[in-house]
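S.K.: Sequence:
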Amino acid sequence: MDEDVLVTPGHLISLAARGFARLSEARLGPLGFGVGQLPVLVALHNGIARTQRDLARFAKVEQPPMAQMLARMERDGLITRTRDPQDGRSSHIALTRTAQERLSEASERLFQGNREALAGFSDAEANQFVEFLVRLIENLDRIASVETENSDT
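Counting from 1 along the sequence shown, just add 106 to a position and that's the residue number in the numbering used here.
By construction, these hints were calculated from the structure, which means they are not laboratory data. Remember, predicted model here, so these are calculated numbers, not experimental data. Heads up, some of the hints might be wrong.
[What the hints assert, rightly or not] In the SDA-like style, the derived pairs of lysine to any residue whose C-alpha atoms are separated by at most 25 Å in a straight line are:
| id | residue 1 | residue 2 |
| --- | --- | --- |
| 1 | Lys166 | Ser196 |
| 2 | Lys166 | Arg181 |
| 3 | Lys166 | Phe227 |
| 4 | Lys166 | Ser210 |
| 5 | Lys166 | Gly135 |
| 6 | Lys166 | Ser120 |
| 7 | Lys166 | Ala212 |
| 8 | Lys166 | His198 |
| 9 | Lys166 | Ala225 |
| 10 | Lys166 | Arg133 |
| 11 | Lys166 | Ser228 |
| 12 | Lys166 | Thr254 |
| 13 | Lys166 | Arg178 |
| 14 | Lys166 | Asp190 |
| 15 | Lys166 | Asp110 |
| 16 | Lys166 | His117 |
| 17 | Lys166 | Arg187 |
| 18 | Lys166 | Arg241 |
| 19 | Lys166 | Pro115 |
| 20 | Lys166 | Val148 |
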């Protein structure tokens with residue numbers, strides 16, 4: 107075998123993702139947040155989603171894990187749920203005042219971690235790196251979509 111699987115993009119990105127997750131958990135934990143909650147926190151803060159279904163779609167996770175995460179977030183005082191008057195089976199989800207107050211510090215801690223992780227990169231390199239990752243994720247989403255379609259037929 108000529109290629110070293112330990113220096114493939116997939117493996118290196120996996121290592122980087124785990125490193126970022128450890129760093130983020132260490133910095134977010136004291137604020138009561140977990141790194142897995144970030145898509146939910148951002149979506150609720152920015153008004154992108156207000157229901158469990160929309161949050162699951164936004165975060166690209168299945169409904170059962172999203173339900174579990176939301177239950178933990180509600181238990182921890184980060185979100186509130188109110189019944190949708192039009193659809194009694196659905197709830198509107200919102201950040202609590204506590205979560206809103208902590209979110210700006212959480213964001214700053216994450217941005218600082220990203221700046222530290224990209225030490226030695228020029229601004230142009232960092233921007234290009236992000237562009238590459240966005241393109242890579244789009245490719246992976248497209249491949250997964252095609253493979254899902256093929257497995258359904």
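S.K.: For every hint, state whether the structure bears it out.
M.R.: Consistency of the hints with the structure:
Proximity of Lys166 to Ser196 is assessed by CA-CA distance (about 19 Å); at most 25 Å being required, the pair is judged to hold. For the hint pairing Lys166 with Arg181, the CA-to-CA distance comes to about 23 Å; that is within 25 Å, so the pair holds. Straight-line distance between C-alpha atoms of Lys166 and Phe227 comes to about 30 Å, which puts the hinted pair past the 25 Å bound. Proposed proximity of Lys166 and Ser210 is supported: the alpha carbons are some 23 Å apart, at most 25 Å.
Between Lys166 and Gly135 the alpha-carbon distance is near 23 Å, which keeps this suggested pair within the 25 Å criterion. Among the hinted pairs, Lys166 with Ser120 is consistent with the structure: their alpha-carbon atoms are about 17 Å apart, no more than 25 Å. A C-alpha spacing of about 22 Å is found between Lys166 and Ala212, which places the hinted pair at or below 25 Å, so the restraint holds. Simply put, Lys166 and His198 have alpha-carbon atoms about 19 Å apart, close enough for the 25 Å limit, and the pair holds.
Of the supplied pair hints, the one linking Lys166 and Ala225 is violated, its CA atoms being roughly 30 Å apart against a limit of 25 Å. Of the pairs offered as hints, the one joining Lys166 and Arg133 holds, with about 24 Å between alpha carbons and a cut-off of 25 Å not exceeded. A C-alpha spacing of about 31 Å is found between Lys166 and Ser228, which places the hinted pair above 25 Å, so the restraint is violated. Between Lys166 and Thr254 the CA atoms are separated by roughly 14 Å; this keeps the pair inside 25 Å, and the hint holds.
Under the criterion of a C-alpha separation no larger than 25 Å, the hint pairing Lys166 with Arg178 is consistent with the structure, at around 18 Å. Annotation: proposed proximity of Lys166 to Asp190 holds, straight-line Cα distance about 23 Å (limit 25 Å). At roughly 31 Å between alpha-carbon atoms, Lys166 and Asp110 are farther apart than 25 Å, so this suggested pair is violated. Pair hint Lys166 plus His117 holds up; C-alpha atoms about 21 Å apart against a cutoff of 25 Å.
A C-alpha spacing of about 21 Å is found between Lys166 and Arg187, which places the hinted pair at or below 25 Å, so the restraint holds. Between Lys166 and Arg241 the CA atoms are separated by roughly 17 Å; this keeps the pair inside 25 Å, and the hint holds. For the hint linking Lys166 to Pro115, the alpha-carbon distance of about 22 Å falls within 25 Å, and the restraint holds. Under the criterion of a C-alpha separation no larger than 25 Å, the hint pairing Lys166 with Val148 is consistent with the structure, at around 14 Å.
The earlier numbered hints that this structure contradicts are 3, 9, 11 and 15.
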